[in-house]
Each structure stands twice: as structure tokens, then as C-alpha cells.
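Produce the complete structure using the sequences and hints provided.
Chains R and Y supply the protein sequences, listed in that same order. So for the first sequence, the numbering used here puts the first residue at 112; every next one is plus one. So for the second sequence, the numbering used here puts the first residue at 19; every next one is plus one.
These are computed hints drawn from the structure, not numbers from a lab. It cannot be assumed that every hint is accurate.
Said to hold, decoys possible - Derived DSBU-like pairs: lysine-lysine, alpha-carbon spacing no greater than 30 Å straight-line:
(1) Y:LYS207 / R:LYS349
(2) Y:LYS171 / Y:LYS181
(3) Y:LYS171 / Y:LYS207
(4) R:LYS211 / R:LYS192
(5) Y:LYS207 / R:LYS362
(6) R:LYS388 / R:LYS119
(7) Y:LYS53 / R:LYS523
(8) R:LYS119 / R:LYS291
(9) Y:LYS80 / R:LYS426
(10) R:LYS291 / R:LYS349
(11) R:LYS353 / Y:LYS207
(12) Y:LYS53 / R:LYS211
(13) Y:LYS109 / R:LYS161
(14) Y:LYS109 / Y:LYS207
(15) Y:LYS181 / R:LYS277
(16) R:LYS167 / Y:LYS53
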Amino acid sequence: MASTIFDKIWQNHVIEGNEGEPQLLYVDLHLVHEVTSPQAFEGLRENNRKVRRPDKTFATVDHNVPTNPSPVDSIENIHDKISRLQVETLQNNCQEFGIKMAGIGAKDQGIVHVIGPQLGLSQPGKIIVCGDSHTSTHGGLGAIAFGIGTSEVEHVLATQTIWQMKPKNMGIKIQGKLAKGVSSKDIIMHLIAKYGANFGVGYALEFYGDTIEDLSQEARMTITNMAIEGGAKVGIIKPDEKTFEYVAGRKYAPEDMDAAIAYWSQLYTDSEEAFDKIITVDATQLEPYVSWGTNPAMAVSFSEKLPKITDSNIKQAYEYMGLEPGIKVENIPVEWIFIGSCTNGRLEDLKKAAEVIKGHKLAPNVTGWVVPGSRSVKTQAEKLGLDKIFIDAGCEWRDPGCSACLAMNPDKIPAGIHCASTTNRNFEGRQGANARTHLASPAMVAAAGINGHFVDIRKIS
Amino acid sequence: MDPITVHTGRTVALMNDNIDTDQIIPKQFLKNILKTGYANSLFFDWRYDDAGKPNKDFELNKPERQGASILITGSNFGCGSSREHAAWALKDWGFRVIIAGGYSDIFYMNCTKNGILPVVLPQNARDYLAKIASQEEITIDLPNQEVCCGKEKYHFDFDQTWKQKFINGDDDIDITMAYQQQIEEYEQKLPVFWQ
Ligand code: SF4
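Here's what the structure looks like:
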């Protein structure tokens, strides 16, 4: 019987149980951050349990870390006492249980989904979990990667395994060349806008087709990152030469790369018959997307008008966003831009935004924040002089972290402000109380910053 | 985990679709390092106005809905962030059962770990349940997989393994510890480059 890449990796990890019932799976990599882990470690202590495989566990701090333009290189820089306690708690837990950690100021520190791939910890064929829904990101390297809750974090710490029900397989076939300026962010935003915020519930999504093959390794991760916004815990892309090359030479890459590549090369979907469902996308027709409402499905392509009010969800979204049906996204006044997050905070994303912004200034009423996804991304970007481009345009060049993607640190978008954002969620209050988020690609966000409203990136690139 | 077999209680309805965990519990309450103390933070931005006063129109604030233990809601409930704080906050407020059109996968798992029964019913059934009076009680019978409300009865599907777990109130880690030997054997078979 034909299998998908997802079926193959899953089957390789089953310790107990049959399909159709919860199965016990082995976890190859467990990433940990400060927000969803304290109660899990406490649970271990209460029950006198150890971490089964500290060597397969890696921790960092990202959600709570302030990203002031001046370096945030020690815990002393966290002025919010409760945030600081959470970060300290993780430090102490990692020490007590023998877990490697990239703490504040460390050169490997960054957003957990940026550093996993960057350090070579995330690899094809692994099962990767983390107490964070955007763990789906790592599926861009051909792994099964998904977010879990804190009780599950505790379970993985104690047993290095997890009980899961196998989801079904959905193939998303994407073919054709993208128009210049249209990016992988637009592919995933299109899918969610067209099929809804829950089209992927109960499925693992595999993205394939020549459009996907042409994408860089980093661009692929933007797609799998937002699989969760379509309701799918897992998004996966077949690993290929680009992937192997991406992993090779990284800090925690396998020593025996030949053996690893031989193993990884067996990870592919046998035939389309293996999918329970297939969606096709003609990439040549895709336009840039911008979200107008309060969930990622409330988004339109550049040439569309904002939809009519047909239910109370849409009505509530318009009220919150201070917008009206019938206008176009170019009519939305943009007062803030945010470039960063695990969706679009990698080096390539910063390069794309910098290309657009180079030689321009932010529009007079616009504030701009650029937050690299990790310290290493920051250093690399500075080597390329990207920091200067952003600063010259009038943006703040900040330290790595989640920052205003979720605003649980001091970085918040003020109430009522329309913020063009390279992040993944436009929920009410996500970027700050009453802040109004518009999701878009790095190039679209950069262009909105210099114009004070959204513009069609295809016309300027 | 507290077991659930048959639960009888009063209801409150929030019928929006796609209620995300950022709404169920906003991020400022995720800094806590405990599992309890979240009841007042539940649906914070909807429950309180900008000045911090309770919003009288919000269902959870209505005096006649206090003490409700069953939440009736829309589809794709609990989407977005994986924060288990959402389940803890619902539990802390007193909810033991949720009746939705569907759930995000991660939130569903978090319910199974915290003794909150996630029931799925179609729109017409939920529309009916959403209208029942505040003092009226309904019963969720897990062994028979039925929601009973006066003369009305609605069947719901439920995975048999999770069902046993709810009925017994089992601890997952204890269960898994019994597989120690299989886990060790599995680890020995890992490819050398992943040992
Ligand atoms: S960058 Fe945003 S979405 Fe990504 S892990 Fe941080 S808070 Fe979550």
C-alpha cells in the first residue's frame, strides 16, 4: 500500500498501539521554552521523576525576553518581575535536570523554532515536539513536528515518548512559478483564506509540487510554520538536496552525514494515492495576501475587496479592526511595521525586507521594528549590513526574541494602531491590547512601512 | 486527573466560531509558574472593559450563569496557541464539559489531560442547548455517550481509549512507565547517528 512521508516517519516511531487508537511514539527532539515548561518540571519534582533523555532535550528563552535596541544580555535586563521569575525558573530547571540551554545573551539563543533548524537539531525523519503550536515549522525540513501542551511536555520529559492519534494525510499540491514579489507566506495565507482556519484539523498536511521544490529551505519553513493556522498540527515537506545541504555542517548535525543522508533519502511519499485528500494550488495565479480581520482566515489578496458582513464573527472582527466592508487593503492606513517572529524572522526574510526598504525612509507617521529571530540571525544580518539599511530607514534594530509577535514581553503595539506584521496570528489583542494586526510577507510589510499603506509589491519589485 | 462519568450541571453559551486560546486566556497571564489561579483571567479581554470593570453583557458575567459547569460553543474551539493555561483557566472557573462543533487538536489533547470532557455536537443540537434557561440542568453521560436535556437526547462520538481514561481518571505517565522496556529496546534500534 502506498504511504506518505508522514506515514513512514510515524511508523518508524511507534512503540505501542495500532492505527485508529492512541499510539505511543518515540520523540527524537524535545525543545523547551520558559512559558510552557515550569509546571511540567514541577510535576517531575512532585513525583520524584527524572528527565529520561536530557541529551535529546534543548531549551531556550524567547517569549519573555525584552528586545530593547540595547543588548539584552543578562537576566538583570528583564524588569518585569514575573517574566524574570519564569526565565530564572527555566535556568534552574535546566541545571537541576541536566538540560542544555541557550539562555539570554548566549550566542545560540533565539526563538525556539528559529534555533532548532539553525543549530542542526531539527533534522529530517525525526519526531520533534515543543510546548508551542508553531512547532509545525520544523516540518519544513521533513520531520514530523508538532506542538504539545504542558502535561505532554511533562510526559515527554519523563518518558521521551508521547501518546498520539494518527491524523489523516492531506496533500497540498502547488505548481507553477510564483510572480515576482509573491512569496511562500502568500501561499500559506492563500490556503487559509480560501479553506478556513480549521481546514487542516485532524490532518497532517504535506506540501509538494514544483513550486515547493523551487523554494529555499527557509521559505519552506514559513509554510509549515503556519500549517497550524489552518488547523493542522503537522505540516511537512519532503527533504531534498537543499535540505541536506542546509543541515550539513551545523553544530548538532549528525557526524556521519553519509549515513544520515542515506536514511533521509528514503523519506518520500510513494504516490498521490496515499493521501486521504488533495488540494491543488496554481501558484502562477497567486497574489500577495494581507489579513484584514481577527483570525488568519480573514485575509484577502491584493486585488480583492474586504468581504461583506455575513455573520457575527465577521461583524465583531470589523468592529475590532475599525474597518469596513468593500474597501481594499491598500486603503488601510499602516502606522507600525513589525518584521520578525518564527514565521519570518530568519535571515532570508530580513534580506527580502531590506531589499525593499533600502534607500527609503519609513513614512512619517510609521514606527518600524525589526527583530531578528535569533542572535545568530542578528550577527549574520549585521555582517551583511542589513542593520544599517533598516536603521537608515528609521526602523529600530532590536535584539532577538518573540517580541511583539505575542507581546508578553515589554514589546507591544499600542491600542488602535494598524500594524503590518510578518507574524502568524492576528487574534484580538495578540500584539497588544486593542492593537490591529495585518499579516503579510516581509516584502509587503516593508513596502507598507515606506508608503504608510499597503502597496502591490509586484509593481515595485 | 479527576474522573468524569456522568456529569449534570448548568450551562453557559458563547457561540462564536474559532475562539482561540489567546481569547480564552490572554498572554499576560501565562507568566505564572503554577497550574491554578487562572479563574479570574478566563476570557479576560471579553469579561472586562478597558477600565477593568466587568462587562455586564458578557455571558460569563451574568449572575444567573454563575456556577455553570458546561460551556456550549462554536466550531474550532481552542484554536491557536498550545497554551495549556486555557484548559487550566476553564477548569478553574468550574467548567467540566465543553460542547463544541469541533476543537483544535492540541486543545483537545490538553482537555484529555485535565479532566475537561470535550464533546462534539452538530450545530442544530448546540443551537438548541444554547437557548435553554439558566436554571435548567443538562446531563452528559459519558458511558452511554449521550447529552440529555429534558426530553431531548443527543448522541456523541468518543474515542474508546480516551473514554476509559476519563472514566478511570488515569495518569498518563504512570501508564507509560509500564512500557519502559519497550522504550529501551526502541532506543537501542535507533540509527547510530541518532543514538
Ligand atoms: S515568534 Fe510568535 S508565534 Fe513564534 S514562538 Fe514566538 S510567540 Fe510564538
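Which numbered hints fail: 3, 8 and 14
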